[in-house]
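Given the sequences, and given the hints that come with them, work out the whole structure.
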Amino acid sequence: MDSDGTRDARGTHANPVPQARSAVPPMPSVAPSAPPMPDGSAFLAWLRTPRPETLPGVWRFAHRPRPEEEAEAVPARQLLSGAVIAGLSAWLLCSLLWNGYLGSFWLWPWFVLAPDSWTLGQGGHVGGVASYAYEGTVFAIIFTIFGKIGRWPELWRRYGPPAWRRTTPGAEPAPAPEQDPAEWPQLRAAGAPDAAERLASEARAGLMRDVDYARIARAWQGVRSGRHSLTTFTGAVLRDGAAACLHPSGARDLPARQARHDLVTGQVRLGTTADDPRNPYAYRGTGLGLGPDLLGTSLLAVGPAGSGKTGSVVRPLAESLCLHALAGRAAVVVVGAAGAGLGPADAYDVVVRIGNQESVYDLDLYGGTTDPDEAAAVLAEALVGDLADPHPGSDSRRSTTVLAQLLGPFRAVHGRFPSVPELRQLLDGAPGPLDALRQALQTSGQEPLLRELDARERQMGRPGDVSGVLADRVALLDRPAFAGFFDTSGASRPFSLKALDHPVRVRIDLPERGHADASRMLARLVLAQFTASVAVREDRSLFACLVVDDATGVVTPEAVRGIQRLRSANAGVVLTLRTLDDVPRPLRGPLLGATGCRMALSGLTPWDGQDFAEVWGKEWTEARDVTDRQIIAETPAGKAVHTLRRLITGKAPTARAVTVRQVERERWSASELAHAVPPGHAVLSLTNVKGEHAPPLLVDLRS
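If you're matching positions, the sequence shown starts at 1 in full-length UniProt numbering and goes up one per residue.
Hints may contain errors.
[Claimed, not checked] Below, in silico cross-link-like pairs of lysine-lysine (DSBU-like), each with a Cα-Cα straight-line distance of 35 Å or less: (1) 618 with 690; (2) 639 with 651; (3) 618 with 148.
These aren't lab readings, by the way, just hints derived from the structure by calculation.
Listed below in structure tokens is the structure:
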């Protein structure tokens with residue numbers, strides 16, 4: 001129960017000895033705006049903050065929806081001057097009427113309707129209390145008319161108390177106990193009041209982190225689904241409190257956070273949606289938050305070097321997924337070049353440094369499978385997937401057959417798959433290894449596998465045989481820098497993606513410097529193993545995600561097909577590219593179609609922008625043709641009215657003719673994507689696992 005019902009795969013921890021826990025753990029860094037308080041008030045305020053349901057991609061923490069209708073944008077200077085002039089004009093008109101300078105024509109309703117006893121008094125004013133009510137009504141009507149002209153209501157909304165309430169909201173009242181998440185009402189309702197009280201007291205005392213809350217909530221889901229018993233869960237909570245159901249590593253937080261996270265909704269904040277007319281009104285000025293519900297449809301981010309792919313996208317997402325793993329919600333594998341800044345080693349359970357002889361862990365070349373056909377398919381995808389024709393009958397299938405003809409007999413004889421040097425010799429057709437393998441098969445009487453080896457020897461040297469290409473690719477891994485890696489004898493500690501059944505955090509550093517081709521091949525291998533492993537997981541309630549920083553040369557026809565199947569397996573991938581030119585032309589459209597979230601960062605080329613513009617499509621918009629014709633007053637009274645109107649509104653009186661047409665235009669054109677996206681910004685479209693869409697949004701990744 002302490003590990004939320006999971007068990008570690010053998011050798012999946014860089015530090016197998018749990019770190020000692022202090023008696024009073026430090027406060028969680030969960031409140032985005034207030035420092036942690038010793039009494040837990042910051043954590044309680046964070047937990048009780050409203051998180052309303054809203055549109056996909058909107059940062060839900062303390063979100064306040066915008067008004068349903070967009071108000072007309074009036075410059076502040078014009079708004080203030082018009083309001084002042086309108087007030088002065090209304091006051092002047094009322095003064096003239098009161099003092100009788102404009103006559104008594106405005107009193108004729110009084111003369112008609114009032115009794116004789118309410119006639120004019122001294123000085124020409126009407127008499128009695130009712131008369132003052134009449135005059136006040138007339139003056140109120142005058143001020144109402146001029147206030148409407150001077151936009152007083154808009155001035156009140158923009159600078160009055162309503163604006164003060166928006167900018168300085170008061171503290172939210174404490175919710176009722178049955179609705180307070182800090183009181184764990186779901187546990188109380190299920191008959192575990194003691195456990196709920198223990199957790200509530202630790203939250204009030206400042207002993208609970210956001211990761212603790214998410215982890216225990218995840219364990220409670222296991223109780224509700226029947227995977228764990230209520231007795232076991234309650235015993236763990238009463239014994240350990242907020243430290244119950246720990247991740248197998250014993251960690252309760254990451255060593256250092258750089259992004260803003262909300263583990264109640266599962267979101268990480270990447271930036272702010274720009275207040276731009278090209279964005280839908282409901283999204284303008286809102287935070288942008290991504291979580292497993294969006295990453296479950298996969299994300300593709302394209303932008304040149306320096307556009308912020310790693311620092312603004314990959315690093316926050318990797319950090320968020322690691323937090324989800326600590327909460328027992330996710331398994332994450334992050335792949336990138338050594339030194340790419342994908343987070344400290346302490347933030348991961350397994351760090352595989354390929355090419356670094358000090359690496360604690362190795363990478364299983366065959367993905368932890370014992371099936372020769374499955375191992376051959378995955379290895380063929382890594383070796384020659386980028387060379388395969390994206391049409392049926394490609395070299396990938398022939399390569400799978402060639403590898404299966406060798407891997408099956410070798411495993412039957414040795415009980416393991418061949419190492420890299422051994423596989424290279426077999427593919428080269430060296431007579432010594434092949435003869436030894438044949439003799440071992442004959443001795444063991446395995447005739448079916450002997451026929452596989454005979455078929456392989458007959459095909460060697462024939463036109464169209466791909467064993468030579470495979471041998472050349474395997475030779476990229478048979479280098480001194482990789483000596484000791486990809487071992488199959490059991491002498492090393494290989495990591496296998498079969499461990500994705502558990503909430504494991506993995507970082508794989510590729511030796512990009514001096515071994516670019518080998519790095520791309522290994523990245524393809526990890527992607528192929530990932531798509532094959534997540535499809536056969538028993539527990540799909542655990543979200544699995546692969547993050548590849550720089551997916552150059554990784555996208556293949558089989559990879560695209562694998563990405564399309566991830567959504568149903570509760571898994572997703574995050575891929576970044578410098579340009580879509582790194583993807584073969586026939587695969588660009590299918591790749592953009594297979595990923596539900598697509599991001600175009602600033603600095604994109606017009607050619608890349610064209611591909612994004614095509615996949616985002618067009619929309620019907622209203623084109624308004626406005627013609628303003630100035631009205632020329634002929635009479636002195638008309639000129640006076642026009643002058644007054646110009647002083648109040650700041651515009652000359654005009655007659656406007658408006659023609660509205662429905663036109664179809666691109667949501668974002670290639671030219672706009674290439675030249676109108678400011679530095680530090682990106683255009684991002686979103687699709688969640690429920691099928692809900694968000695149109696392309698201009699997002700500031702720096703805020």
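Outcome of the hint check:
| no. | hint | result |
| --- | --- | --- |
| 1 | 618 with 690 | 23 Å, holds |
| 2 | 639 with 651 | 14 Å, holds |
| 3 | 618 with 148 | 39 Å, violated |
The structure does not agree with numbered hint 3 stated previously, though it agrees with all others.
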